[in-house]
Amino acid sequence: MGITAGWFALLQRGLRAACVAAALFPALQALAAGTTAGTLIGNTATVQYRMGGGPMTSAAASAPAIVVAKVLSVVVTSQDAGPVGTSSPATSAALTFVVTNTGNAPEPYRVSRTDNVTGDQFDPAPAAAGSLWLESGAQPGFQASGPNADIPYVPGVNDPTLPADGSRTVYLVSDIPGSLAFGAAGRSLLTATATTPGAAGAAPGTLLGTTAGVQTIAGARTAASATGSYLVSGTAIALAKSVVAVRDPQGGTRVVTGSVLTYRIVLTLTGTGNADTVTVSDPLPAALTYVPGSLAVDGTARTDAADADGAAASANTVTADFGTLAAPAQRVIEFKATVN
Amino acid sequence: MSRSILTAAAAFVLATAAWTSVHAQASGDVELRNIAELEQEVKTPEGKAEKKRVPATKAIPGNEVIYTSTFRNNGKKPAGNIAVANPVPANTTYVGGSATGDNTDIAFSVDGGRTWGPADKLVVTGADGKKRPAAAADITHIRWTYRGELAPGKQGAVSFRVVVN
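Residue numbers (the working numbering), protein chains in the order written: chain S, 1 to 340; chain D, 1 to 165.
Think of the hints as simulated: they come from the structure by calculation, not from any bench. Hints may be right or wrong, so weigh each one.
Estimated spans, in silico, between C-beta atoms of each pair [to be verified]:
1) S:Gly213 x D:Asp120: 39 to 45 Å
2) D:Gln40 x S:Val157: 38 to 44 Å
3) D:Asp120 x S:Asp165: 30 to 36 Å
4) S:Ala65 x D:Lys52: 18 to 24 Å
5) S:Pro204 x D:Lys76: 50 to 56 Å
6) D:Gln40 x S:Thr114: 35 to 41 Å
7) D:Glu39 x S:Gly53: 38 to 44 Å
8) D:Lys130 x S:Ala149: 49 to 55 Å
9) D:Lys76 x S:Ala65: 32 to 38 Å
10) S:Pro89 x D:Gln40: 55 to 61 Å
Built from N, CA and C at the ideal position, the CB exists for glycine as well.
If we strip away everything but chain D, and leave its shape as in the complex, we get:
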């Protein structure tokens, strides 16, 4: 399936056919799609190890899951002020540094999406009552703010990884 090989870099040239193969909830003119994938190591005919992405429907603790959200402007006008937010799912832990998104500014939240900031600026209160710098495991939400406007017919994609606890 074409969505199996979706990557952040490839998202901009993703074939339109992929849009019909995943769950979606269209509202208005910008359509959002969200997929979960696992990376599997496969051997090429030459015997080289290669990573291949497959849809994630099952996982075991320790598996790394890649979430990719793709947004596409189906309208006739440019779309602005685009921001995508995605919670780190329950029973998973965000993989530090894994959030990507071309032409986006990425912010993180450690308080359920109430406040946002760069990953290295966030602070949490530890069990001892003292504040400490936030770790990847503290991240609860990720937000990507698209720079500029998205022209009609264009799309963008953002992605992050989690490990199943």
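If we strip away everything but chain S, and leave its shape as in the complex, we get:
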């Protein structure tokens, strides 16, 4: 073969070819963030020729190496599936965010919160116990104390340094004011900003400085934000019991011994959020006797046995188990009883 590149280049290309084979086509980059800052990109060309019938001769020439600059870029994402339920008042309610370094070099980030966001009903207040926390890594989720406690964040003291493509979970922790209505929403914004001087607000492409021959350049986002929200959740249960029909032994509507009364219990769940293990139990007084087989929930007959249909009648007591109910909700229980 007439032309070969140097062994070093061959080795480089060979290694890369192996990486390519292992990666999904056409993904080629080791990092989403791109080639690591400070990497030197070299290139040596080779020429081979024959002069006037003489032997094959070769020469090589290298282009000046290109230094890959440091690009600052960051992304913040909310990790909450939706608004975080809270009571009113509440203390140390946490919103969860992840800050990701989408640049190509390690960078410390300044983290801050903004609570006067428009479009909500109240402003979450920075928690007295600490308004921003860094995940310690010991246990997922926010822990203010205990052996797996997370780390209180102090701006300028423990700004998290993230490697290229690295990320860190940050908790925005708030105290929620009292006397808020069910369904009131409060939003907070978490912002992470690259700490390289001049990075905040720099337009993409701005040269921010040069360290040890490596330029630092503002990327797509030198600061990024994401919004999380609290939702004041709570439920109230009301029960209303009434007699909806009376049938006396003579076919009339008098309440006498032997009359059959039809009872209706209406359960109303108001507010927002879920009510767990909702159970209605109605022990009948001695003057009444449950009519076997008369139980219905939401208009559907239920057996008297304590079984999977969630309603039962035994020992003159009617029970209905609704499990978890999402507010708002309404359930109607009906049964008959005979006057003794």
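With chain S's structure known, arrange chain D on it following the hints.
Below, chain D alone, put in the same frame as chain S:
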């Protein structure tokens, strides 16, 4: 600098002065030079956008770098069997269709320069073990074979582009 405006078309009439301004490793009678440039968009006085080439010493991921290799016959006899080979640098990806060179036949390699062929004929083995047509990202080396002989005092140039990963 005159090398800033080097193009494949202009290479044949490149001023001799340019030869003194770049790194070179002369061996024998054919001298090879290799430069890296970035294209920058500048506004002309009339407000028109125009691309201008500047030497590439810094780059960020996503930048396109243009490599140009210029070969010149400094000898007294014609030079024949001239071929220039250039690897696609590590951490960069060849830009498909960007290899140019007047009066040259261009071949590509996807295996570190062991075998060569036209770009549309190369095959690589994918992660799934199946062979597939090579993509621009698979190109590892480019080779330009000069047609005929290069007369004394004459020069030629070849060029290709890569994107920094």
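For this structure, which hints from the list above don't hold up? Going through the list in order, the structure violates no hint and respects every one.
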